[in-house]
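Here the protein sequences line up with chains F and V, keeping their order. Heads up: the first sequence begins at 1 in this note's numbering, then just goes up one per residue. Heads up: the second sequence begins at 1001 in this note's numbering, then just goes up one per residue.
No wet-lab data here; the hints were simulated from the structure. Take these hints with a grain of salt, some might be off.
The calculated lysine-lysine pairs, modelled on DSS-like cross-linking and capped at a C-alpha distance of 30 Å, are [stated by the list, open to error]:
hint: 1; chain 1: F; residue 1: Lys40; chain 2: F; residue 2: Lys19
hint: 2; chain 1: F; residue 1: Lys100; chain 2: V; residue 2: Lys1159
hint: 3; chain 1: F; residue 1: Lys18; chain 2: V; residue 2: Lys1100
hint: 4; chain 1: V; residue 1: Lys1147; chain 2: F; residue 2: Lys147
hint: 5; chain 1: F; residue 1: Lys19; chain 2: F; residue 2: Lys100
hint: 6; chain 1: F; residue 1: Lys2; chain 2: V; residue 2: Lys1147
hint: 7; chain 1: F; residue 1: Lys3; chain 2: V; residue 2: Lys1147
hint: 8; chain 1: F; residue 1: Lys147; chain 2: F; residue 2: Lys43
hint: 9; chain 1: F; residue 1: Lys3; chain 2: V; residue 2: Lys1019
hint: 10; chain 1: F; residue 1: Lys19; chain 2: V; residue 2: Lys1003
hint: 11; chain 1: V; residue 1: Lys1163; chain 2: F; residue 2: Lys100
hint: 12; chain 1: V; residue 1: Lys1003; chain 2: F; residue 2: Lys147
hint: 13; chain 1: F; residue 1: Lys43; chain 2: V; residue 2: Lys1147
Number of protein chains: 2
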Amino acid sequence: MKKTLAVDMDEVIADPVKKMRSWYERDYGIWLSDEQIHGKDMKEAVPPEQSYIFHEYLNTPGFFRDLDVLPGAQDVLEKLNREYDLFIVSAAMEFPNSLKDKFDWLADHFPFITWHQICLCGSKSLVQTDILVDDRIRNFSRFYGRKILFAAHHNVFVKGYEKAIGWEGVASLLL
Amino acid sequence: MKKTLAVDMDEVIADPVKKMRSWYERDYGIWLSDEQIHGKDMKEAVPPEQSYIFHEYLNTPGFFRDLDVLPGAQDVLEKLNREYDLFIVSAAMEFPNSLKDKFDWLADHFPFITWHQICLCGSKSLVQTDILVDDRIRNFSRFYGRKILFAAHHNVFVKGYEKAIGWEGVASLLL
């Protein structure tokens, strides 16, 4: 039997950060630099009175519909989809306007992933697979399988986890 | 630590069957009787050339938005929500137009259930909790916890499972 593999969406296969920066520049006139977001969540990289804005962006209908795909995600996921029982698992429920957008985005960019393989949840604590690839260690807290931390700007200082740098990194760990 | 409990939506807390019958009557002039759907899926209860129609109904935007709540679900779930780590888990991904409707319906009728507790998936095979209440035994096939079959018109002939008749039945098993 194939191993089960769950893969996160945002900042793992989809790039919401570029769009958050772009909308933030539109609204506040500042492009947040790599240095400014290094080791931080987006909301920690701006003055406290502006931190609410990212939640608004993420719940705007359409925000997730046309995100860029992170480099290598399509090729590697297509291979992983043959070797593993693959699921895409996104903690999307905080942003209910994103649900259909995420479904349609996956259909556009990952046509080999069927609806059977998609899971949009609130907490990932009820999801158990053999392996989970995720950029947030909070999603590992109740996960019993192999945890692979996907490197992102906000987790550069997080230690103690098996870490994958980009999709080449995932491929070298799992293919 | 509280036990984790997953509860299905359709035909467990929500009543899509009444609406399917109502729309079928609108389109074909026949109200499907209890006898006609006894022990059958809806699509098996109609002539083969009409069986596609239920899939169309279920993917119509709005179909799930105003379903009736099944009797007792609100009271018992509110109690279960205090005693268990409760999740609502619906294999909704086959009908992507239902996602936001299901979220909004839950907010209307089960305001004590937060977005953290909702999971809309394709297959339930990646969900593992201590207990699962569901009307479809296919959702038990890869589930390791305690399986409680919620009685529905289509599963009257299904044997070999712990069965709950309505929400009184669930309450007597879990409260």
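Here is what the structure says about each hint:
Simply put, Lys40 (chain F) and Lys19 (chain F) have alpha-carbon atoms about 17 Å apart, close enough for the 30 Å limit, and the pair holds. For the hint linking Lys100 (chain F) to Lys1159 (chain V), the alpha-carbon distance of about 37 Å lies beyond 30 Å, and the restraint is violated. A distance of roughly 26 Å separates the Cα atoms of Lys18 (chain F) and Lys1100 (chain V); the hinted pair therefore holds under the 30 Å criterion. Annotation: proposed proximity of Lys1147 (chain V) to Lys147 (chain F) holds, straight-line Cα distance about 28 Å (limit 30 Å).
Of the supplied pair hints, the one linking Lys19 (chain F) and Lys100 (chain F) holds, its CA atoms being roughly 18 Å apart against a limit of 30 Å. At roughly 24 Å between alpha-carbon atoms, Lys2 (chain F) and Lys1147 (chain V) fall within 30 Å of each other, so this suggested pair holds. Taken as a hint, the Lys3 (chain F) and Lys1147 (chain V) pair is honoured in the structure, with Cα atoms around 23 Å apart against an allowance of 30 Å. With a CA separation close to 26 Å, the supplied pair Lys147 (chain F) and Lys43 (chain F) stays within the 30 Å bound.
Restraint check: the Cα-Cα separation between Lys3 (chain F) and Lys1019 (chain V) comes to about 40 Å, which exceeds 30 Å; the hinted pair is violated. Between Lys19 (chain F) and Lys1003 (chain V) the CA atoms are separated by roughly 40 Å; this puts the pair beyond 30 Å, and the hint is violated. Between Lys1163 (chain V) and Lys100 (chain F), the direct Cα distance comes to roughly 34 Å. Violation of the 30 Å bound is thereby established for this hinted pair. This hinted pair checks out: Lys1003 (chain V) and Lys147 (chain F) have alpha carbons roughly 23 Å apart, not beyond 30 Å.
For the suggested pair Lys43 (chain F) and Lys1147 (chain V), the alpha carbons sit about 42 Å apart, so the restraint of at most 30 Å is broken.
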